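Trainee: For the sequence shown, the working numbering assigns the number 6 to the initial residue and increments by one for each residue that follows.
I should point out that these hints are in silico values taken from the structure, not numbers from a laboratory.
Incorrect hints may have been included.
To be verified - Derived pair list, reagent style EDC-like, types lysine to aspartate or glutamate, alpha-carbon separation capped at 20 Å: (1) K95 with E79; (2) K40 with E55; (3) K40 with E23; (4) K95 with E78; (5) K95 with E41; (6) K40 with E78; (7) K40 with D74.
To be verified - Just the calculated beta-carbon pair ranges, DEER-fashion: (8) R35 with P81: 32 to 42 Å; (9) P10 with V101: 31 to 41 Å; (10) Q29 with Q9: 34 to 44 Å; (11) Q29 with S62: 27 to 37 Å; (12) R13 with E90: 41 to 51 Å; (13) I100 with Q11: 16 to 26 Å; (14) Y86 with R34: 33 to 43 Å; (15) I89 with P12: 30 to 40 Å; (16) S8 with R93: 30 to 40 Å; (17) E84 with V44: 30 to 40 Å.
Computed from a predicted model, the values in this text were never measured in an experiment.
In this text, a Cβ means the ideal position worked out from N, Cα and C, and glycines have one as well.
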Amino acid sequence: MSSQPQPRQRIVPFTPYEWKYVRQLFRSRRVSDVKECVVILSTWMSRCNEHTPVAISCSHVLLQAVYADLLAEEMPDSEKYMAIENLRSKHGYAIVR
């Protein structure tokens with residue numbers, strides 16, 4: 006009987022198809038695509054828990070800021086002032102991250 010350790014399994018939070026799809030969405034500037042990408046990245050983060058790769062969490066933060074920007078662009082001028090503080094905090098968090 007050999008007492009050699011078993012190889013560690015590597016758990017990947019996404020499939021190759023999901024990876025390709027998210028790469029497409031990440032490059033888009035359509036509100037619906039960016040929103041979907043944020044949702045998928047959130048799913049990946051929940052699959053990883055505290056082991057989320059930094060690239061995924063940083064991409065998630067940046068896309069949340071982009072999404073907030075895109076939503077603010079569509080707002081009427083009379084409502085944009087309400088989104089400014091939210092945008093500032095998201096951009097600040099993205100920069101710090």
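Trainee: Please verify whether K95 and E78 have alpha carbons no more than 20 Å apart.
Mentor: 15 Å, holds
Trainee: Against the 20 Å threshold, does the CA-CA distance of K40 and E23 hold or violate the hint?
Mentor: Satisfied, since the Cα-Cα distance of roughly 15 Å is no more than 20 Å.
Trainee: Quick one: are I89 and P12 within 30 to 40 Å, going by C-beta?
Mentor: 52 Å, violated
Trainee: When you check the alpha-carbon spacing of K40 and D74, does it fall within 20 Å?
Mentor: 12 Å, holds
Trainee: Return holds or violated for the Cβ distance of S8 and R93 against the range 30 to 40 Å.
Mentor: 57 Å Cβ-Cβ, so the 30 to 40 Å window is violated.
Trainee: Should the hint that Q29 and S62 are 27 to 37 Å apart at their CB atoms be regarded as holding?
Mentor: The hint (27 to 37 Å, Cβ to Cβ) is violated, given that Q29 and S62 are roughly 20 Å apart.
Trainee: Using the C-beta atoms of E84 and V44, is the stated range 30 to 40 Å upheld?
Mentor: 24 Å, violated
Trainee: Do the Cβ positions of R35 and P81 conform to the proposed distance bound of 32 to 42 Å?
Mentor: 20 Å, violated
Trainee: For the range 41 to 51 Å, tell me whether the beta carbons of R13 and E90 fit it or not.
Mentor: 45 Å, holds
Trainee: Starting from the hint 34 to 44 Å, judge whether the C-beta atoms of Q29 and Q9 obey it.
Mentor: 42 Å, holds
Trainee: Using the Cβ atoms, figure out if Y86 sits within 33 to 43 Å of R34.
Mentor: About 23 Å separates the Cβ atoms of Y86 and R34, which means 33 to 43 Å is violated.
Trainee: Taking only the CA atoms, is the gap from K95 to E41 under or equal to 20 Å?
Mentor: Distance ~18 Å between K95 and E41 Cα, so the pair holds.
Hint compliance for this structure: hints 2, 8, 11, 13, 14, 15, 16 and 17 are not met, and every other hint is.
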